[in-house]
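With the sequences and hints as input, model every part of the structure.
Residue numbering for the first sequence follows the numbering used here, beginning at -16 and increasing consecutively.
Note that these hints are calculated values from the structure, not bench results. It should be emphasised that the depicted structure is a prediction, and the values quoted were computed from it without experimental measurement. Quick reminder that beta carbons are idealized off the backbone N, C-alpha and C, glycines included. Treat each hint with caution, since some may be false.
Here are the in silico distance ranges between beta carbons for each label pair [to be verified]: (1) Glu273 <-> Arg369: 41 to 51 Å; (2) Ser2 <-> Ala255: 17 to 27 Å; (3) Ser21 <-> Glu85: 36 to 46 Å; (4) Leu204 <-> Thr83: 28 to 38 Å; (5) Asp14 <-> Ala178: 37 to 47 Å; (6) Arg53 <-> Arg96: 14 to 24 Å; (7) Leu320 <-> Arg369: 41 to 51 Å; (8) Thr385 <-> Ala274: 22 to 32 Å; (9) Met127 <-> Arg92: 20 to 30 Å; (10) Asp221 <-> His8: 36 to 46 Å; (11) His207 <-> Arg84: 24 to 34 Å; (12) Arg53 <-> Gln9: 13 to 23 Å; (13) Asn374 <-> Val111: 48 to 58 Å; (14) His18 <-> Met127: 43 to 53 Å.
Straight line, CA to CA, 27 Å or less: simulated DSS-like cross-link-like pairs of lysine-lysine [claimed, not checked]: (15) Lys224 <-> Lys259; (16) Lys383 <-> Lys407; (17) Lys290 <-> Lys408.
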Amino acid sequence: MAPHLAHGTATTALLDELSWRGMLHQTTSPDLAAHLASGVRVGYAGFDPTSDSLTIGNFMGIKLLAHLQRAGHKPIVVSGGGTGLIGDPSGKSAERQLLTRELAEHNARSQQRIFDRFLDFSGPRAAVIRNNIDWLESMSYLDMLRDIGKHFSVNQMIARDSVASRLEGREQGISYTEFSYMILQAYDFLHLHRADGCTIQLGGSDQFGNIVSGIDLIRRLEQHESFGATCPLVTTSDGQKIGKTEKGAIWLTADRTSPYRFLQYWLNTSDADAVKFLRWFTFLESDAIEALAHALATEPGKREAQKTLAAEMTRMTHGATELARAQATSEALFSGLVKSLDAAQIAEIAADLPSSSVATTALSQGISIVDFITGTSCAASKREAREFVQNGAVSINGEKVTLECTVRAEHALPGGVILIRRGKKAYHAVRLQSS
RNA sequence: GGGCGGAUACUCAAGCGGCCAACGAGGGCAGACUGUAAAUCUGCUGGUUUCACCUACGGGGGUUCGAAUCCCUCUCCGCCCA
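Pasting the structure below:
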């Protein structure tokens, strides 16, 4: 096969992939395609150490790197252990609280465990993780001003959206610290370019300005061309940020969001978003997604698209074993057939739900249903508890209850657990305690 | 420093001496219909020992039979003059 044909294939690999998935918002140069086609390239994306884990809002950045790697290039994950100390003003309307050094480092390190699941850290195109504290810390202020700052025009810097918006509103200014952020991120790119031959930076659309800064810096100091590509800001069909729920964000680690909750989140995806999410978040091929789109259109009640989305995401993030457990929990709870489960299964379910405990002795005399559910995560007060029961929203172990119902020790399932359900989706496990 | 105006429940926002646990909107929760979706309709959205009481309209104090509503003061915010 002719070499130029092979190049042609490589060209289409990354950008076309991102494009049909709706993940390509902007590129810094039309020459990026040719650049990608002409060899194995090194690209990076940065992650803020604002927390010790990452949410599905950060997932896009990871996925961009994964696509890059799958297209035959080499990804670098940059933990912002250094830049995190400064704070990126992009997309923020107010000055941020500074992280402590310890926290930024701890978070950066803690986030690194997540990337194993999505990137390949072995082989010739092994992903690597870098922490920008390693090169930012040793950079002296004078060197930064003389060698790097000299190449930035304040006139351009204040024209940036992220800065301009903070200059307009009088009550929300911007500190010199955050104003300088873009210089640090630009320097990151320069450093990676020098140290790792990195020529591409990927990120969300709000990062475009920062990416361009880096490209300019590399051009001035190294006379090399480098590139950037951004993905659109992903939102739900009603304009909500993805992964934000009333109960908090959806995280990519089990210590923050249980696999069961994670599965449920995707399972509840609305029809309007299902296909879009399949393209954005999963690695399923185009035909597979088209088939699911067809299934959704013809048999929406079956929710094939949502089920596949949820399964794919949970498997990728938590592994096949956790997926199977989460699915089993999910099926048992929603079918109401919890009585058929054995003690081990119930224990697993209870572990995934908010829970509380009650003394067996108290239960032996019987507790009214209202008192029983008050104070659990299903009802905040007696008034509310009464209302829910009257509405027929509450069931115990899968059976609807009325106000007259009294909960007794006999209600306990194998393993000494009573399952409360309020409405369709709120569950609570009450453990019996013998002493 | 001086002069105004404002602070009400998750958010916005009425109320301006008793009929105020406080209009309305949004949000949230539940029910019905469905598909653990959306839309729609209905109900709820301070607490309790629920036809009553308690706690609440920025904090504190006062006037009054009675205050979110009037007065004083403190804190914070906005506008205007220096």
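The hints, checked one at a time:
1. Distance hint check: the CB atoms of Glu273 and Arg369 are about 50 Å apart, consistent with the given range 41 to 51 Å.
2. Between Ser2 and Ala255 the beta carbon distance is about 22 Å. The supplied range of 17 to 27 Å therefore holds.
3. The beta-carbon spacing between Ser21 and Glu85, approximately 44 Å, falls within the hinted interval of 36 to 46 Å.
4. Between Leu204 and Thr83 the beta carbons are some 32 Å apart, a value that agrees with the proposed interval 28 to 38 Å.
5. Evaluation of the 37 to 47 Å hint for Asp14 and Ala178 yields a failure: the beta carbon distance comes to about 23 Å.
6. With their beta carbons about 21 Å apart, Arg53 and Arg96 fall inside the hinted range of 14 to 24 Å.
7. A hinted range of 41 to 51 Å for the beta carbons of Leu320 and Arg369 is inconsistent with their spacing of about 28 Å.
8. Between Thr385 and Ala274 the beta carbon distance is about 46 Å. The supplied range of 22 to 32 Å is therefore violated.
9. Taken as a hint, the range 20 to 30 Å holds for the pair Met127 and Arg92, whose Cβ atoms sit roughly 25 Å apart.
10. Look at Asp221 against His8: about 20 Å separates their beta carbons, and that is not inside 36 to 46 Å.
11. Under the hint 24 to 34 Å, the C-beta atoms of His207 and Arg84, about 33 Å apart, fit the expected range.
12. The hint said 13 to 23 Å for the Cβ distance between Arg53 and Gln9, and at roughly 21 Å that hint holds.
13. Between Asn374 and Val111 the beta carbon distance is about 55 Å. The supplied range of 48 to 58 Å therefore holds.
14. His18 and Met127 have their C-beta atoms about 29 Å apart, which leaves the hinted 43 to 53 Å range violated.
15. For the suggested pair Lys224 and Lys259, the alpha carbons sit about 14 Å apart, so the restraint of at most 27 Å is met.
16. As the CA atoms of Lys383 and Lys407 are separated by approximately 12 Å, the hinted pair is consistent with the 27 Å bound.
17. Taking the CA atoms of Lys290 and Lys408, the gap is near 16 Å; set against the 27 Å cutoff, the hint holds.
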